[in-house]
Amino acid sequence: MRRWPWPRRWPWPRSLAARTALVLLVGLAVVQGLGLTIHALDTLDLQRLAQARDIGVRVASVYRTVVTTSPAQRATLLHDLELPAGLSAKLATAAPDAALRATPPFARQIRTNMWLVSMPKLLRPIQVVILGALNTRRVLIGLRLPDGPWLNATVKVYPPSVWHSRTFLLAFVLMTAAAALLTLWAVRRLTAPVTTLAAAAERLGRDVNAAPLPEDGPAEVATAAAAFNLMAARIRRFVQDRTFMLTAIGHDLRTPITRLKLRTEFLEDEDLRAKMQADLDELEAMVSATLAFGRDIATSEPVSAIDLAVLARTVLDEALDARPDIAERLHYEGPEHLTVRARSIALKRAIANLVANAVNHGGSARVLVRPPHSGVVTVEIEDEGPGIPPAELDRVFQPFHRIESSRNRETGGVGLGLPIARNILRAHGGDVTLANRPMGGARATVSLPA
Amino acid sequence: MPHILVIDDDREIRDLLARFLERHSFRVTAARDGREARRAWSNGHYHLVVLDLMLPGESGLDLARWLRGQSPVPIVMLTAMGEETDRIIGLELGADDYLPKPFNPRELLARIRAVLRRAGETEVQRADAGVRSLRFGGWLLEPARRRLLNPEGVEVALTGGEYDLLVAMVERANRVLTRDMLLDLLRGRQAGPFDRAIDVAVSRLRRKLEDDGRNAQLIKTVRGGGYVLAASVERL
Numbered sequence: 000m001r002r003w004p005w006p007r008r009w010p011w012p013r014s015l016a017a018r019t020a021l022v023l024l025v026g027l028a029v030v031q032g033l034g035l036t037i038h039a040l041d042t043l044d045l046q047r048l049a050q051a052r053d054i055g056v057r058v059a060s061v062y063r064t065v066v067t068t069s070p071a072q073r074a075t076l077l078h079d080l081e082l083p084a085g086l087s088a089k090l091a092t093a094a095p096d097a098a099l100r101a102t103p104p105f106a107r108q109i110r111t112n113m114w115l116v117s118m119p120k121l122l123r124p125i126q127v128v129i130l131g132a133l134n135t136r137r138v139l140i141g142l143r144l145p146d147g148p149w150l151n152a153t154v155k156v157y158p159p160s161v162w163h164s165r166t167f168l169l170a171f172v173l174m175t176a177a178a179a180l181l182t183l184w185a186v187r188r189l190t191a192p193v194t195t196l197a198a199a200a201e202r203l204g205r206d207v208n209a210a211p212l213p214e215d216g217p218a219e220v221a222t223a224a225a226a227f228n229l230m231a232a233r234i235r236r237f238v239q240d241r242t243f244m245l246t247a248i249g250h251d252l253r254t255p256i257t258r259l260k261l262r263t264e265f266l267e268d269e270d271l272r273a274k275m276q277a278d279l280d281e282l283e284a285m286v287s288a289t290l291a292f293g294r295d296i297a298t299s300e301p302v303s304a305i306d307l308a309v310l311a312r313t314v315l316d317e318a319l320d321a322r323p324d325i326a327e328r329l330h331y332e333g334p335e336h337l338t339v340r341a342r343s344i345a346l347k348r349a350i351a352n353l354v355a356n357a358v359n360h361g362g363s364a365r366v367l368v369r370p371p372h373s374g375v376v377t378v379e380i381e382d383e384g385p386g387i388p389p390a391e392l393d394r395v396f397q398p399f400h401r402i403e404s405s406r407n408r409e410t411g412g413v414g415l416g417l418p419i420a421r422n423i424l425r426a427h428g429g430d431v432t433l434a435n436r437p438m439g440g441a442r443a444t445v446s447l448p449a
Numbered sequence: 000m001p002h003i004l005v006i007d008d009d010r011e012i013r014d015l016l017a018r019f020l021e022r023h024s025f026r027v028t029a030a031r032d033g034r035e036a037r038r039a040w041s042n043g044h045y046h047l048v049v050l051d052l053m054l055p056g057e058s059g060l061d062l063a064r065w066l067r068g069q070s071p072v073p074i075v076m077l078t079a080m081g082e083e084t085d086r087i088i089g090l091e092l093g094a095d096d097y098l099p100k101p102f103n104p105r106e107l108l109a110r111i112r113a114v115l116r117r118a119g120e121t122e123v124q125r126a127d128a129g130v131r132s133l134r135f136g137g138w139l140l141e142p143a144r145r146r147l148l149n150p151e152g153v154e155v156a157l158t159g160g161e162y163d164l165l166v167a168m169v170e171r172a173n174r175v176l177t178r179d180m181l182l183d184l185l186r187g188r189q190a191g192p193f194d195r196a197i198d199v200a201v202s203r204l205r206r207k208l209e210d211d212g213r214n215a216q217l218i219k220t221v222r223g224g225g226y227v228l229a230a231s232v233e234r235l
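Protein chains in written order, with numbering that gives the first Met the number 0: chain E, 0 to 449; chain X, 0 to 235.
Check the hints yourself; a few may be wrong.
[To be verified] Pulled a few chain X residues facing chain E out of the computed Cβ check, cut under 10 Å:
hint: 1; residue: Leu157
hint: 2; residue: Gly159
hint: 3; residue: Ala200
hint: 4; residue: Lys219
hint: 5; residue: Thr220
[Claimed, not checked] Over 10 Å on every C-beta distance to chain X, these chain E residues come out as not near it, computed from the model:
hint: 6; residue: Leu35
hint: 7; residue: Leu168
hint: 8; residue: Phe265
hint: 9; residue: Asp268
hint: 10; residue: Asp278
hint: 11; residue: Ala304
These are calculated hints, taken from the structure and not from any lab test. Since the model is a prediction, treat every value here as computed from it, not as a measurement. All C-beta atoms, glycine included, are put in the ideal place defined by N, C-alpha and C.
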């Protein structure tokens, strides 16, 4: 699979839901940003228009008052006029002169609005000068009266405010938040089937008889669920066939082995009898190991609370009973009690297989039970034997595989002890791995969900 | 001479088993299926029945149920290899012991002798053995599943020897059991090393039952070499 070329400092989320949500939320943010910009520009335009209209009408009103007054009384009138705040006007002989640049659209808007104030054509100003702009805070307007003098007005301009409305901002934030929440909810809902499918696959890995997936929901999800269920059914049939075959073989072998065992009892040669019985015991052990491997011992038993620490010590005690000669080389380290939830017969078999492996190949066994750490209980089984060739470390978990050097009756079993242990532990949601210890010998590390 | 009824569908096994048991001073009658077994049953008096669970026609379980209806004769069942369910069903039906096939003839001999020895005890006790759960001092012993639960309901693992010893002691609670009596009770199940390790098994058992001071001295040592499990036992 190609890696997504994402910079390292920007962590690209791993989950499908998070990725989809991220893409949608970024999209939402861009759209909202654009909308907000458009809205702001629109507001600016409107405010400018309103001010232009305001200025134009007010100045024109003052002009009308002045122009309809006789020239001698104009100065007194202007003085007495109560002009609105921000507007001042005086008579002058020349047009206003200031280092203010005119902004054509604004000036045009002011000029247009001035003609909204009705006045006879003859009284209209013969010259109009408009200087300044929205961002200059004031506008100078010079209007030349038909009889000569200028009426120069200074109007204070208020800078436009985009955020004139608090409720608008609040509404906008609420709307964005609601959209984001909806997006998150929808993404979660839509990607949930993927999680369900993954969980079902995980369950199937632990238990082939796990309940089938519900085949409902959107068409694609239903199809995937149906395909998954079909696959599960096929795996189940395959496992059942294998189990039936192994059970049948085991069943058919029981009778001849039983007969042979009985026959050896009638042998006069003590030595021969002992040897034949040993052979038969071995044969029986192989058959029962094969059967145990074939049968789903790990899943047919109910899960219950078990004291793992006591179980580990019991397994060691049993190893000791079988091999009193290595009593000094069997050790337990760990808590006195540690409760886990597991299938007790299966779990005991797994630990016993690992201890037997350590005793048979390493001549010793040290069992370390470690209390739960981030939800995992660890059991380590160490020996002081020759260890395992690195290339064999994982292959020894394959059924019937044995390290060449151990292919003899002294140390070799059937080659099923480790595969059975791994099967059992994986069925518990745990695992077992083998490694060589730096100071010699091998170590099997068992992990179990706490 | 104890008379044993052997029921197995395989002619060779039947004959070999009969010869083997006769060699060890038992009288043996053999039957190949349920029909023959019933006929043999009505014609003789038997001290013990060895019954194969897998029979053609009428199953071993049905036959065991029928036999239980007739008399409390001890039954040793031969089951499929380690089939947990067979074992449990067999024990629930009142088999006194079971042995997975292929069994060791000497092991079978030892079990037969042990069951016959136990049969000497009171009927009630024997009929209960191996079927009903036993509660003592907060602990629960479940023979049907061969497991022990502590007062918190957590399973506490036992070795085979510890389990057999505990069953023997719980079934005879508040009675002093000498080392010899315990050996005698357990020899049928345990071969070899257990004989010299009875004290070891007791001390291990004690540790498992008492190590946190919850049940101080559930198993008491009696002066003169014996043990007693001091607790009232409730049969569930």
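Verification of the supplied hints:
1. Leu157: Interface hint status for Leu157(X): holds (6 Å vs cutoff 10 Å).
2. Gly159: 7 Å, holds
3. Ala200: 9 Å, holds
4. Lys219: 22 Å, violated
5. Thr220: Status violated, d = 20 Å.
6. Leu35: 62 Å, holds
7. Leu168: 60 Å, holds
8. Phe265: Per Cβ check, Phe265(E) is inside 10 Å of chain X; nearest 7 Å; violated.
9. Asp268: 16 Å, holds
10. Asp278: 13 Å, holds
11. Ala304: 4 Å, violated
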